[in-house]
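There are 2 protein chains.
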Amino acid sequence: MKKYKRIQRVGALMKIFSERPNQIFSYNYFSELFNAAKSTISEDIVIVKELVEEMSYGRIETITGALGGAIFIPYISKEETESILDSLCKSFSQKNRIIPGGFIYMTDLFNNPNVVNNIAKIISSKFVNKKIDYIVTVETKGIPLAIMTGQKLNVPVAVIRRNNKVTEGATVSINYVSGSSNTIQTMSLSRRSLNENSKVLIMDDFMKGGGTAKGMCDMMNEFNAEVVGTAVVVETKEPEKKLVDNYFSLLLLEGMNEKEGTINISPNIKLLQ
Amino acid sequence: MKKYKRIQRVGALMKIFSERPNQIFSYNYFSELFNAAKSTISEDIVIVKELVEEMSYGRIETITGALGGAIFIPYISKEETESILDSLCKSFSQKNRIIPGGFIYMTDLFNNPNVVNNIAKIISSKFVNKKIDYIVTVETKGIPLAIMTGQKLNVPVAVIRRNNKVTEGATVSINYVSGSSNTIQTMSLSRRSLNENSKVLIMDDFMKGGGTAKGMCDMMNEFNAEVVGTAVVVETKEPEKKLVDNYFSLLLLEGMNEKEGTINISPNIKLLQ
Numbered sequence: 656m657k658k659y660k661r662i663q664r665v666g667a668l669m670k671i672f673s674e675r676p677n678q679i680f681s682y683n684y685f686s687e688l689f690n691a692a693k694s695t696i697s698e699d700i701v702i703v704k705e706l707v708e709e710m711s712y713g714r715i716e717t718i719t720g721a722l723g724g725a726i727f728i729p730y731i732s733k734e735e736t737e738s739i740l741d742s743l744c745k746s747f748s749q750k751n752r753i754i755p756g757g758f759i760y761m762t763d764l765f766n767n768p769n770v771v772n773n774i775a776k777i778i779s780s781k782f783v784n785k786k787i788d789y790i791v792t793v794e795t796k797g798i799p800l801a802i803m804t805g806q807k808l809n810v811p812v813a814v815i816r817r818n819n820k821v822t823e824g825a826t827v828s829i830n831y832v833s834g835s836s837n838t839i840q841t842m843s844l845s846r847r848s849l850n851e852n853s854k855v856l857i858m859d860d861f862m863k864g865g866g867t868a869k870g871m872c873d874m875m876n877e878f879n880a881e882v883v884g885t886a887v888v889v890e891t892k893e894p895e896k897k898l899v900d901n902y903f904s905l906l907l908l909e910g911m912n913e914k915e916g917t918i919n920i921s922p923n924i925k926l927l928q
Numbered sequence: 656m657k658k659y660k661r662i663q664r665v666g667a668l669m670k671i672f673s674e675r676p677n678q679i680f681s682y683n684y685f686s687e688l689f690n691a692a693k694s695t696i697s698e699d700i701v702i703v704k705e706l707v708e709e710m711s712y713g714r715i716e717t718i719t720g721a722l723g724g725a726i727f728i729p730y731i732s733k734e735e736t737e738s739i740l741d742s743l744c745k746s747f748s749q750k751n752r753i754i755p756g757g758f759i760y761m762t763d764l765f766n767n768p769n770v771v772n773n774i775a776k777i778i779s780s781k782f783v784n785k786k787i788d789y790i791v792t793v794e795t796k797g798i799p800l801a802i803m804t805g806q807k808l809n810v811p812v813a814v815i816r817r818n819n820k821v822t823e824g825a826t827v828s829i830n831y832v833s834g835s836s837n838t839i840q841t842m843s844l845s846r847r848s849l850n851e852n853s854k855v856l857i858m859d860d861f862m863k864g865g866g867t868a869k870g871m872c873d874m875m876n877e878f879n880a881e882v883v884g885t886a887v888v889v890e891t892k893e894p895e896k897k898l899v900d901n902y903f904s905l906l907l908l909e910g911m912n913e914k915e916g917t918i919n920i921s922p923n924i925k926l927l928q
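Chains G and B, in that order, give the protein sequences.
Numbering follows the working numbering, with no gaps: position 236 of the first sequence is 891.
Numbering follows the working numbering, with no gaps: position 233 of the second sequence is 888.
No distinction is drawn between identical chains; accordingly, a pair holds when it is met within one copy or between any pair of copies.
Pairs of lysine-lysine residues, derived as DSSO-like cross-links and limited to a Cα-Cα distance of at most 30 Å, are as follows: (1) 786 / 776; (2) 820 / 750; (3) 820 / 745; (4) 863 / 914; (5) 820 / 869; (6) 704 / 776; (7) 745 / 854; (8) 660 / 704; (9) 750 / 914; (10) 704 / 693; (11) 704 / 733; (12) 854 / 896; (13) 781 / 745; (14) 781 / 657; (15) 704 / 658; (16) 786 / 897; (17) 897 / 745; (18) 704 / 657; (19) 693 / 660; (20) 776 / 657; (21) 854 / 750; (22) 820 / 863; (23) 892 / 925; (24) 733 / 658.
For the record, the hints were derived by calculation from the structure and aren't laboratory data.
So here's chain G without its partners, still in its complex pose (with noise of 0.2 Å):
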């Protein structure tokens, strides 16, 4: 069986933690995946904790005993968090998105996988430290950065639908007000798609007033789940009052100048404190 160096062992290990963040491998997995002693892995580990630190990559922690393992939690920096920000604002801002009725064009963003996977790094980021069983988004446009951010954090994804849809089985559907527009409006979520009394991250693309985030937290109370928080990409800055308050956002729309075809757009500076 193939013998591998040193380097070529952290090398491999930094491909494995940064595929799968918030993974626990054992050492026996590694140590019979590169053909090597349990204490050689341990001192790759090691090597690779020192290397994510000194990178502000994260960290790896280890897991003692029968069943030791090592995870890697990554972490973002202020200043990529900063610079991830302004090259959203920069993104968001472009003069050609502003489309009859006052609308933004976004969808392109949401679906560019570079784009998302850096929104993701940020929200992500937030809750590492938290026990997060589920995120929940509704179709369609958050889809993308739900899975990403679900990637990041190890969790899989729960998708509310507009429409009760055949190939769910059983759903639960609940009316809700969609603060902006004040019309009623029905979402379903599949019975099968989230245990009971789980801990889940709410994720949208867009607030305005808040009533579809609202409609997501009312529909994880038929769950008995527990929204441990909510994020959301751009928030609009009017109406100031959402109808939920334990949310973030990272970008802030202070409004647009449809004649000039200029948008308004900020980072959320909380984020950067």
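Could you slot chain B onto chain G? The hints should help.
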């Protein structure tokens, strides 16, 4: 400024390449990041190159010249493909998945980041040597898969909607016949979501008659886009003749026994040849 050891730079390089496969990074970028001479980076890259080959992770290609850089092109071995397909078959055929009407509940799997990541690994590896500009899917269940495959191929995603949305700007809508239910349905795609004359990879979670995939191909005609391939996760054995030709699936659903609750699903053996 900090200096790093070679083993640390190699570890960091593996993290960077793994998180952004199919993305060119310039030697200048690494040189600044690690505060090291370009000649040193060159030597590091040689080590990484050997590493990814020895570990069967894929290959590193280097581009020489003023705009020189390196790119990681992941690869999946036959053994890993087989092991992923086996584990998918087990998951998709779990007994409690049959729901009234003869449907199979699969949503949890399509919303599980680890499952989706494994599926995306297989699909993306089939297209690494082809030029793809966009991944195209139709809402809702294929979206996580599309974004993760997009991340691996380093291309954006375009999501076809079932309904017209005000936030999408000008859209192109088409009607299509759902092959299995024989009903006429509508799909729309924002004009802004796709450049004309693009090369696209179409993805979906499930294919029975192929009507939806055919609809997506027709939609691509409206954008003068070339469909390079179509990938679905599960296809049904019946009807054997689908409405599209140039497609492949990961799993073949041969049938189920509602009474006994058993599902008969097998890997696409063509992927293992």
